[in-house]
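Q: Spelled out, the chains give:
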Amino acid sequence: MESRILAGPQAGRGPETFADHAARLGPLPRGSAAQATIPVIEASGLLGRGGAGFPVGRKWRSVAGQGGGAPAVLVNGAEGEPLSSKDRTLLRLRPHLVLDGALLAADAVGADRIAIYVGSAHRDARASIERALGERRDIRLPIQLFAAPPTYVAGEESAAVHFVNAADARPTVTPPRPYERGINGRPTLVQNVESLANAALIARSGDAWYREVGRSSTPGSALVTVTGLDRDGVREIEIGTPIGELAEVMGAGRGPHDRRAVLLGGYFGGWVSAERSWDLPLDPLALRGAGSAFGAGVVAFLGHDQCGVRATARIMDYMAGQSAAQCGPCVFGLRAIADATARLANGTAAGDDLPRIERWSQQLAGRGACRHPDGAVGQLLSSLRVFGPEWDLHQRRRTCSREGFVSSATRGKVA
Amino acid sequence: MSTVRTTARATATELVVDRIACDGFGMCAELLPEMIELDDWGYPIIRAGGVPDELMDHARRAVAVCPVLALRLRRSVRP
Chain A
237 MESRILAGPQ AGRGPETFAD HAARLGPLPR GSAAQATIPV IEASGLLGRG GAGFPVGRKW
297 RSVAGQGGGA PAVLVNGAEG EPLSSKDRTL LRLRPHLVLD GALLAADAVG ADRIAIYVGS
357 AHRDARASIE RALGERRDIR LPIQLFAAPP TYVAGEESAA VHFVNAADAR PTVTPPRPYE
417 RGINGRPTLV QNVESLANAA LIARSGDAWY REVGRSSTPG SALVTVTGLD RDGVREIEIG
477 TPIGELAEVM GAGRGPHDRR AVLLGGYFGG WVSAERSWDL PLDPLALRGA GSAFGAGVVA
537 FLGHDQCGVR ATARIMDYMA GQSAAQCGPC VFGLRAIADA TARLANGTAA GDDLPRIERW
597 SQQLAGRGAC RHPDGAVGQL LSSLRVFGPE WDLHQRRRTC SREGFVSSAT RGKVA
Chain B
1072 MSTVRTTARA TATELVVDRI ACDGFGMCAE LLPEMIELDD WGYPIIRAGG VPDELMDHAR
1132 RAVAVCPVLA LRLRRSVRP
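Which chain is which? The protein sequence lines are A and B, in order.
Add 236 to the 1-based position in the first sequence for this note's numbering, that's all there is to it.
Add 1071 to the 1-based position in the second sequence for this note's numbering, that's all there is to it.
Watch out, some of these pointers could steer you wrong.
What the hints assert, rightly or not - Chain B side only, calculated, beta carbon under 10 angstroms to chain A, not exhaustive:
1. Ala1092
2. Cys1093
3. Gly1095
4. Ile1116
5. Glu1125
6. Leu1126
7. Met1127
8. Asp1128
Unchecked claim - Computed far set for chain A versus chain B, every beta-carbon distance over 10 angstroms:
9. Gly480
10. Gly564
11. Gly569
If you're looking for bench data, these hints aren't it; they were derived computationally from the structure.
From the three backbone atoms N, C-alpha and C, an ideal C-beta is built for every residue, glycine too.
Turn these sequences into a full structure, and let the hints steer you where they fit.
A: Set out below in structure tokens:
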């Protein structure tokens, strides 16, 4: 498949200039022409790329129809997921496509301001957007740039709105959801940068064009971040591409035996064995059916010399540390699960640690203001399924068949 | 599934916890053990589905007794 979102100059040439961008793609529908794109975006079948996969057109229609003052648009490039780098790559290379999407969305929903929220650690992405804003002469509403704190939950939509309103990137209790009451109490469209970039292409080329690619139930192309192979990095794929096909392009030369397992969707996603993953389409529906998630497009491989229990323990420790520390079940439950998982991983398991993390995990879902605990335990439960015998070995024998128990803290690519 | 049956004979009112406000006092679970249990750290786990009519008075008392006003009854969207 030819690139779409990343079409244009080679990555080595840096950010595309506005002149090049405008010459390549032509004018963007604005004003009432932008409003008319809402049904086109809906018909395209574009799903949000921030992780939840909510239909983009439906979100725009909800915000446009809210009432209660002129809406706001929040461009979400926080990208707190440690395994993902596709949003900062997009912002760095195609800032004008993202700005196009933001301006289009603002006109479509009738917004009178735009907030651009970029991870504070993603300096190149921020610099690229700043430079791009300086190049444009078609901006007729206030646009403000915000630096998202480098935390996992900062990109959650209510946390993003909270940061713009009160410089506090912790989630708030919902409802009201941001599309009802967000920035300054106005209906707010919170949209991931890749979703906006796609919308800017669909507005020009139409929904039928968007649907021309896609090899499974979900149409279109998507950015993915691949790790754990010889050629790691961000790629644009046709949605529905089998994981094995992508892996082989990225250097997995021996088919499904090349790697052990793959974590899909990131720290909020789920594990699948390499064998099962090879023919599995990178498609939100197919991955959900496999007990995993497309999420924000993370495809992270685990090698044969790496321990699934260890990899999961590192993720759980990170996720417990990334709790916004607002809700008891998340503060205490995630920490307890992470500690028990760490004991299992390093050979000091108490007698009932494994059954306890299973019970706690099942109790935790749905019991936070945001879905941070849900995502974390979803990943853990998938690990218990995929690496079951290994977890048993860590519990019963306090041994590790892969990494041993010496100087393992620095090993492992996944976490 | 049992939850479906529970919902069918229940009223259209649900117990909702403000998870940020809740400090795990646990009084709700004492007053309404039929619907609320506590996890290992004292935070409530609410049974899925609506509050049955016969428990509504107890549910109202559980809501009223919460020291941080974290528990409330909400009309559910389901009929």
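Q: Next step is simple, just say for each hint if it's right about the structure.
A: Going through the hints against the structure:
no. : hint    : result
1   : Ala1092 : holds (8 angstroms)
2   : Cys1093 : holds (6 angstroms)
3   : Gly1095 : holds (5 angstroms)
4   : Ile1116 : holds (6 angstroms)
5   : Glu1125 : violated (25 angstroms)
6   : Leu1126 : violated (21 angstroms)
7   : Met1127 : violated (23 angstroms)
8   : Asp1128 : violated (26 angstroms)
9   : Gly480  : holds (37 angstroms)
10  : Gly564  : violated (4 angstroms)
11  : Gly569  : violated (7 angstroms)
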